[in-house]
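S.K.: Counting from -14, one number per residue, gives the positions in the sequence shown under our numbering.
Worth double-checking, as some hints may not be accurate.
Using C-beta positions, here's what the derived DEER-type ranges look like [to be verified]: (1) D80 <-> T39: 15 to 23 Å; (2) K69 <-> E49: 28 to 36 Å; (3) K12 <-> V(-10): 19 to 27 Å; (4) K69 <-> E47: 31 to 39 Å; (5) R77 <-> Q25: 18 to 26 Å; (6) Q25 <-> T(-8): 30 to 38 Å.
No farther apart than 30 Å at their CA atoms in a straight line, the calculated lysine-lysine pairs in the DSS-like style are these [claimed, not checked]: (7) K69 <-> K4; (8) K69 <-> K7; (9) K7 <-> K(-12); (10) K4 <-> K(-12); (11) K34 <-> K(-12).
Keep in mind that the hints were calculated from the coordinates and are not lab data. Think of the CB as a built atom: it goes at the ideal place given N, C-alpha and C, for glycine as much as any other residue.
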Amino acid sequence: MLKSVATVPTGSASLYLNKLCKHFRHKVPAEWDDHEGRVQFKPGTCVMKADQATLEMVCEAENEEALGVVQYILDDHLVRFARKEEIQVHWRRID
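Make the full structure from the sequences, and use the hints.
M.R.: In structure tokens form, the structure reads like this:
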């Protein structure tokens, strides 16, 4: 399994975690509370954690292409949901 992580500084981390999980649950399995969420996309999974200052997203997939798809889905939706903030998502691989 390949893994990547992005830590996004924002004071609205819990709000974005909730919005993302509520949105995704219409198409894929998602479970969450105010501080942690897990979404099971077809290409892979994403676990999100929110605190007062950051939203951490850890994605996992079987291969590079699938990992890229999961990252793109999170990037695209988070930037749209946070349009009032200048959110930038930078992924890094983890072992």
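S.K.: Hint by hint, which ones does this structure get wrong, listed from lowest number up?
M.R.: Hint 6 is the one this structure does not satisfy, whereas the remaining hints hold.
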